[in-house]
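Chains as they are written, first to last, in the UniProt record's numbering: chain A, 1 to 534; chain B, 1 to 534.
Just so you know, these hints were derived from the structure itself, not from any lab. Be careful, since some hints might not be right.
Since the list can't tell identical chains apart, any single copy or any two copies may satisfy a pair.
[To be verified] In the DSSO-like style, the derived pairs of lysine-lysine whose C-alpha atoms are separated by at most 30 angstroms in a straight line are:
hint, residue 1, residue 2
1, K315, K393
2, K288, K315
3, K515, K393
4, K515, K288
5, K440, K332
6, K114, K393
Note that the structure is predicted; figures quoted are calculated from it, not measured.
Protein chains: 2
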Amino acid sequence: MVPLLVRGPAWLFQWRAACTLGAFVQQRTWAGVSRIPGLGGPLVQRGSSSASSQAPEVVLTRERYPVRRLPFAQVSEDDLAALERIVPGRVITDPEELEAPNVDWLRTVRGSSKVLLRPRTSQEVAHILRYCHERNLAVSPQGGNTGMVGGSVPVFDEIILSTTLMNQVMSFHDVSGVLVCQAGCILEELGRYVEERGFLMPLDLGAKGSCHIGGNVATNAGGLRFLRYGSLRGTVLGLEVVLADGTILNCLTSLRKDNTGYDLKQLFIGSEGTLGVITAVSILCPPKPSAVNVAFLGCPGFAEVLQTFSTCRQKLGEILSAFEFMDAECMKLVELHLRLASPVRESPFYVLIETSGSGAGHDAEKLSDFLEQVLGSGLVTDGTLATDQRRIKMLWSLRERITEALSRDGYVYKYDLSLPVERLYDLVSDLRARLGPRAKHVVGYGHLGDGNLHLNVTAEAFDVSLLGALEPYVYEWTARQRGSVSAEHGLGFKKRDVLCYSKPPEALQLMQQLKALLDPKGILNPYKTLPARA
Amino acid sequence: MVPLLVRGPAWLFQWRAACTLGAFVQQRTWAGVSRIPGLGGPLVQRGSSSASSQAPEVVLTRERYPVRRLPFAQVSEDDLAALERIVPGRVITDPEELEAPNVDWLRTVRGSSKVLLRPRTSQEVAHILRYCHERNLAVSPQGGNTGMVGGSVPVFDEIILSTTLMNQVMSFHDVSGVLVCQAGCILEELGRYVEERGFLMPLDLGAKGSCHIGGNVATNAGGLRFLRYGSLRGTVLGLEVVLADGTILNCLTSLRKDNTGYDLKQLFIGSEGTLGVITAVSILCPPKPSAVNVAFLGCPGFAEVLQTFSTCRQKLGEILSAFEFMDAECMKLVELHLRLASPVRESPFYVLIETSGSGAGHDAEKLSDFLEQVLGSGLVTDGTLATDQRRIKMLWSLRERITEALSRDGYVYKYDLSLPVERLYDLVSDLRARLGPRAKHVVGYGHLGDGNLHLNVTAEAFDVSLLGALEPYVYEWTARQRGSVSAEHGLGFKKRDVLCYSKPPEALQLMQQLKALLDPKGILNPYKTLPARA
Numbered sequence: 001m002v003p004l005l006v007r008g009p010a011w012l013f014q015w016r017a018a019c020t021l022g023a024f025v026q027q028r029t030w031a032g033v034s035r036i037p038g039l040g041g042p043l044v045q046r047g048s049s050s051a052s053s054q055a056p057e058v059v060l061t062r063e064r065y066p067v068r069r070l071p072f073a074q075v076s077e078d079d080l081a082a083l084e085r086i087v088p089g090r091v092i093t094d095p096e097e098l099e100a101p102n103v104d105w106l107r108t109v110r111g112s113s114k115v116l117l118r119p120r121t122s123q124e125v126a127h128i129l130r131y132c133h134e135r136n137l138a139v140s141p142q143g144g145n146t147g148m149v150g151g152s153v154p155v156f157d158e159i160i161l162s163t164t165l166m167n168q169v170m171s172f173h174d175v176s177g178v179l180v181c182q183a184g185c186i187l188e189e190l191g192r193y194v195e196e197r198g199f200l201m202p203l204d205l206g207a208k209g210s211c212h213i214g215g216n217v218a219t220n221a222g223g224l225r226f227l228r229y230g231s232l233r234g235t236v237l238g239l240e241v242v243l244a245d246g247t248i249l250n251c252l253t254s255l256r257k258d259n260t261g262y263d264l265k266q267l268f269i270g271s272e273g274t275l276g277v278i279t280a281v282s283i284l285c286p287p288k289p290s291a292v293n294v295a296f297l298g299c300p301g302f303a304e305v306l307q308t309f310s311t312c313r314q315k316l317g318e319i320l321s322a323f324e325f326m327d328a329e330c331m332k333l334v335e336l337h338l339r340l341a342s343p344v345r346e347s348p349f350y351v352l353i354e355t356s357g358s359g360a361g362h363d364a365e366k367l368s369d370f371l372e373q374v375l376g377s378g379l380v381t382d383g384t385l386a387t388d389q390r391r392i393k394m395l396w397s398l399r400e401r402i403t404e405a406l407s408r409d410g411y412v413y414k415y416d417l418s419l420p421v422e423r424l425y426d427l428v429s430d431l432r433a434r435l436g437p438r439a440k441h442v443v444g445y446g447h448l449g450d451g452n453l454h455l456n457v458t459a460e461a462f463d464v465s466l467l468g469a470l471e472p473y474v475y476e477w478t479a480r481q482r483g484s485v486s487a488e489h490g491l492g493f494k495k496r497d498v499l500c501y502s503k504p505p506e507a508l509q510l511m512q513q514l515k516a517l518l519d520p521k522g523i524l525n526p527y528k529t530l531p532a533r534a
Numbered sequence: 001m002v003p004l005l006v007r008g009p010a011w012l013f014q015w016r017a018a019c020t021l022g023a024f025v026q027q028r029t030w031a032g033v034s035r036i037p038g039l040g041g042p043l044v045q046r047g048s049s050s051a052s053s054q055a056p057e058v059v060l061t062r063e064r065y066p067v068r069r070l071p072f073a074q075v076s077e078d079d080l081a082a083l084e085r086i087v088p089g090r091v092i093t094d095p096e097e098l099e100a101p102n103v104d105w106l107r108t109v110r111g112s113s114k115v116l117l118r119p120r121t122s123q124e125v126a127h128i129l130r131y132c133h134e135r136n137l138a139v140s141p142q143g144g145n146t147g148m149v150g151g152s153v154p155v156f157d158e159i160i161l162s163t164t165l166m167n168q169v170m171s172f173h174d175v176s177g178v179l180v181c182q183a184g185c186i187l188e189e190l191g192r193y194v195e196e197r198g199f200l201m202p203l204d205l206g207a208k209g210s211c212h213i214g215g216n217v218a219t220n221a222g223g224l225r226f227l228r229y230g231s232l233r234g235t236v237l238g239l240e241v242v243l244a245d246g247t248i249l250n251c252l253t254s255l256r257k258d259n260t261g262y263d264l265k266q267l268f269i270g271s272e273g274t275l276g277v278i279t280a281v282s283i284l285c286p287p288k289p290s291a292v293n294v295a296f297l298g299c300p301g302f303a304e305v306l307q308t309f310s311t312c313r314q315k316l317g318e319i320l321s322a323f324e325f326m327d328a329e330c331m332k333l334v335e336l337h338l339r340l341a342s343p344v345r346e347s348p349f350y351v352l353i354e355t356s357g358s359g360a361g362h363d364a365e366k367l368s369d370f371l372e373q374v375l376g377s378g379l380v381t382d383g384t385l386a387t388d389q390r391r392i393k394m395l396w397s398l399r400e401r402i403t404e405a406l407s408r409d410g411y412v413y414k415y416d417l418s419l420p421v422e423r424l425y426d427l428v429s430d431l432r433a434r435l436g437p438r439a440k441h442v443v444g445y446g447h448l449g450d451g452n453l454h455l456n457v458t459a460e461a462f463d464v465s466l467l468g469a470l471e472p473y474v475y476e477w478t479a480r481q482r483g484s485v486s487a488e489h490g491l492g493f494k495k496r497d498v499l500c501y502s503k504p505p506e507a508l509q510l511m512q513q514l515k516a517l518l519d520p521k522g523i524l525n526p527y528k529t530l531p532a533r534a
């Protein structure tokens, strides 16, 4: 067992008890129900339409979770007619077409929305929200629907406001690298667009093939380039947002610096569509590096992973652009479910290091100097290096496709934690011992360079007693290390009641005040981000 | 005359007229008064105590500007006794001691506060604010008092809350580089502290010798390392803030990633003490680069400066850490008032380029490749290179001390603008033609790499007609380019009424709502940041 040092601030220990009373304790409401059928089925690749007709049906959120519908109006025939006037031909009510957008891609939550709208412009979004606000109709904004916490699908019958048709690049400045585009542009397509012009999107993630930039910003997505290019809070220069009452807030500046008053766009970054609907994004793209290398290494232990990281930062300095790790269990799952082969000898841990620089020769020299040191000192026992695009992509896929492999392994309990790097893997080992054979696999991987652990536990199917062994244990462990119970995935629906493990009551109160200020009727993405009130 | 392209958004042209009715049009209230004595006197170096007894007295803000005292309570003997109980021995009422903190370092605004408090802890700040909130006493938070826009001194008799004694480093993590410290730590001292441990503060500015980190964060300071290490919105990981009613908001996390709810700390970054008092800061320090080079170059024209910048980004890539420019007028002033000598032949423009990297040999090679190209193609006509600390400092001082040289030249009209780089210098040339001999000097310099122009106009003394020729002309020019009328200095007292040149009315309204939510009585740094209501 891990020694649980009491290092948290005073509020943590006063408040934690309240946390355990939230909506996430659904296991209590199912006492005696140990397995729920219809879970743990096969999963399609992240970002693809998840409502495959072959897959077993996902249990409705309102049936699985102890959540009550708030007193919003219900969509009437008159409403449909009015909405049809706002977005003619783009009001979707066909039950079949509504199946996929009602279910999250992990197939763990399902809403019962009967209407999906596909606006093309911010003005249309404004008209929709003004109407819904007046009529007290709840709205669930949806981008690529690739979220991990049930934030992008309705819980009940909220109207789904899809950004799918808002996919236009508005401008690109090829000196400054500032891209301005609509919220529904797909990340990978934007990446191609700016790369053709000598730039790079400052963020990259596994779901890039279908996630929308608006959703990325709304969830403050982290991802694989965070270590080098930092947070969206720095790279997003401007936003256009439609507020709950239909007001268009135009803060779509392309300036790197602007200290004229409060930086309102920050309110909406990471607010998961609960404070406003992001309709356009201005983002600073760094120049595309001319030389990229990827090294995939095997390490004999986690201590060696950490030392490899220190050596790496020292030797590679400014050219380091990613430092990812995965454990042997991850590799097993990737080999088993996706038929990918490990490029190096079997090891307890694997590390993926990417460099991005402006001088191929210099970078190769730095990398070889680094590799010599880590191989010579036994920190690394085996490794392979890629410089061409195809091999680089292949090595990255081992890391990027872990999520997919996990999904194929059964029902997945997902945790996305920020922890002090030196304690990062202790939780995985600890949990493996705690759960024993009850779990199919307990795996740890993630963005080590950012202190971000993805902890995943798989089982044949959803199991209430297993959930009870995981929660609140994982959250309490994290809180004791003063970590974050959601590093990059956000809170959405599934994690909203664990906020208090990482934030004091004063912060929660201010968040609730902000929500009340910006969305007094609470119509925007209800049941998300903030805990249910007692 | 510069062709004024109408490129701004619709709201700009609807709303701009309202801007010109704000408090900054004080020249109208002084019709007929062309020069005001007691201005344009000698200035001490930025950050030193500005209230030298030799300097002529600065006119009281309340006498110079058309601003009315809001109905706050006045400090009574009972209040002094109560405050003395909260911060025993640290309630300053001696008029002589209060002189300096009542005047901004530019010597352009002066308050008449009769009380200054020096808390040591966040708890003391909380007690002070709770008391002031109950008693309806206005408070002006003050760090190093090095601001450019009159944001850090009282306008009337606000109680000055100084962070001077809150100067303790709370923790430093020598693997992650996360520094946690009290708000009153001086930037330069923090720099020394982290550099001894192999790291670097992610921001650097001319006032580093006296500015406080809390003030830097409260004003979202940009400065000289912005190009490389980005905005404080990315590097500040956590804040502790005391709200207007004395509530301590503890968001002092040291995590790189934390998506648990809204990112409240962003509200306070750049809010200039109007939403809360920052009492502690957690900030991510990058590793100290092992090799630093500075090149100082002369360019024959601004077009060549821009081309040098493009070449520089391409050739130096990830090792580029600063790209600053100054015009020939700046160099003249630095030579004249500070007796600094130009290290290169006289040129219309000068550029300072800094590289920071991990391999001295590699960096030197890249730099020499770059220099060869810009010298060979005539973009640069003369240049010098420094690699040792002393020479690097000397070259930097030419750029860093321009502000000081300007202050010695007379009364300074200061503008800090974000503009599209390709139009950046047009405004300077334009203004020079417009003002003719009415101005002593019209100079342009700044952070070219960030599109940030410092435009300064000097005159023998404050001159109402000159001000009328400058404003709103400069702001309208900037707004037409969709620039920012305050790139990094903030709005404070002096620029609060020009906010509307860069922000739409919907944004202003939301800012006012946020202010009302967080500080319902308006006691925190009143008369700052937000425009005076009509």
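Which numbered hints fail:
3, 4 and 6
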